[in-house]
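Number of protein chains: 4
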Amino acid sequence: MAKVLVLYYSRTGNTEKMAEAVKEGVENSEAEVDLKNIEKVEPAILTDYEGIIIGSPTYYGLSAAPVKEFLDKSIKFHGKLTNKIGSAFSSCATVGGGVESTILSILEAMLVHGMVVKGYSDIGHYGPISVGEPDERALKECQDIGERVGNLAARFS
Amino acid sequence: MAKVLVLYYSRTGNTEKMAEAVKEGVENSEAEVDLKNIEKVEPAILTDYEGIIIGSPTYYGLSAAPVKEFLDKSIKFHGKLTNKIGSAFSSCATVGGGVESTILSILEAMLVHGMVVKGYSDIGHYGPISVGEPDERALKECQDIGERVGNLAARFS
Amino acid sequence: MAKVLVLYYSRTGNTEKMAEAVKEGVENSEAEVDLKNIEKVEPAILTDYEGIIIGSPTYYGLSAAPVKEFLDKSIKFHGKLTNKIGSAFSSCATVGGGVESTILSILEAMLVHGMVVKGYSDIGHYGPISVGEPDERALKECQDIGERVGNLAARFS
Amino acid sequence: MAKVLVLYYSRTGNTEKMAEAVKEGVENSEAEVDLKNIEKVEPAILTDYEGIIIGSPTYYGLSAAPVKEFLDKSIKFHGKLTNKIGSAFSSCATVGGGVESTILSILEAMLVHGMVVKGYSDIGHYGPISVGEPDERALKECQDIGERVGNLAARFS
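Chains as they are written, first to last, in my numbering: chain A, 636 to 792; chain B, 636 to 792; chain C, 636 to 792; chain D, 636 to 792.
What the hints contain is simulated information worked out from the structure, not anything from laboratory work. As the structure is a computational prediction, the values presented were derived from the model and not from experiment. Wrong hints could be hidden among the right ones.
Pairs count within a copy or across copies, as identical chains cannot be separated in the list.
[Stated by the list, open to error] Calculated cross-link-like contacts (lysine-lysine; reagent style BS3-like; alpha-carbon spacing at most 27 angstroms):
| # | residue 1 | residue 2 |
| --- | --- | --- |
| 1 | Lys658 | Lys675 |
| 2 | Lys775 | Lys708 |
| 3 | Lys652 | Lys671 |
| 4 | Lys652 | Lys715 |
| 5 | Lys708 | Lys675 |
| 6 | Lys775 | Lys715 |
| 7 | Lys711 | Lys775 |
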């Protein structure tokens, strides 16, 4: 059975709430899911999953440094993540606050790993965004990407 | 006296309303302003201004093709826009709809022209964004960037 | 049998040479391939393929306007390209000439279409790049992505 | 007299060599220059300079985590860097290796700080890049941006 890993970093709890909704979404898919705080796991974990979804608050238009540190350490598994399905989400403090560029920066790192990154035609196109605490729309979009990435990973593995 | 050019493309009128607010902002600065529909001017106009602000709706996470066509034609003036002040704004249809990446794509083209591009610490960081018709916040941010780019162009020229 | 479409725009012939190498690569995969000049086809064609690879020269850090015009017109098929495999390549005039941002801009448009976009761990990470006329390395990378996208599309369909 | 800060992170020495060339360039300008290893300074230093140039190796298409950590900590001075001149440079391991996206990610963080970011019409457009050890072209471009940012900071302050 395909497995999806939802990784997040969160200080205020906003990104964590989004991560939990993503997890619920994967549970509605044909894949299994694990939800982990990115500071409590090592990059070796990445090789166990067919889908990887990473959430971060928006800090200076990019992911938080602990997320980047995790990505840098993942170089030990460079070449081992080829064709895994990737997606990302982010919360930010203000409208136009760099939240899309944060998601895109995570997707870029995934592309460097040789992953395939999923976009969305009908919700936040690069991934779900939230301004402040996630509202119903944001949480629904998080569930959506969880379900879609889960089904894609299932079909793909 | 420093002059700022506000260029826009608009189909629904949303980006045009933002452009008008940007123009009002420049009028509150130490610079003069002209507002032009990008389809009705030629790139030669760019050389007459110390500040250039471009607005576009978000089409597929990037500026509308007519804006890109204008930028491509501006190659005739490559090297002539060095150190002019640049900024951009965009309206999109949905939350997370590619509006930041649209602004960033315009800023990237300005950087290729050797321009200096202004960011904002307290409003939409790359430039003002609107989801659908611009609300009071979006219009206020448009005025803000007009005034700030105007004052920067004045100080710079 | 899965089918891959290679679309390109080229004025100097550099991007066209890359496109031909991409085509050769797909021929080494389990998928079929068509190679088309983007100015000679309509966006309706996109719905016939499981994989779509787009090449453009780098104009102001972004794809050429005719490529953007094609993407804008593809809105008629919005929602119809979900989960198709996407990739991109570009040639530019100078080192650091905006060629990565050109590729990323095409990938962003593909994400907005809900496509899944492939990265590469061992070659140009976002897609193959060439500075000026494509050399052996660039052409080899173009063949590589053709083959990999072809095999991925085959596995996926 | 205007002052420019050149900050870098380097493990192999490639980015450090670029940083030294940037410093030489500033010495040819009307501004003063300090060169610092980003791990040995605190963000408070940023407020002392009119120009800030940051160099990082390319790790997963983005700046190295220690650079991001420094940027995250710079939030204490949010709003204090408005209109300072910014620029960036990067070295990477392979052609198309994410080096432009690394530079752009640093520029994005600078924009979030309200800085003005300089582009280049005749050299690496977003900033100088090197693939592996910097060659003569790369070092010359580093000198160029040092001199240009220095003169711009002098004119601006």
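So which of the earlier hints does this model not fit?
2 and 4
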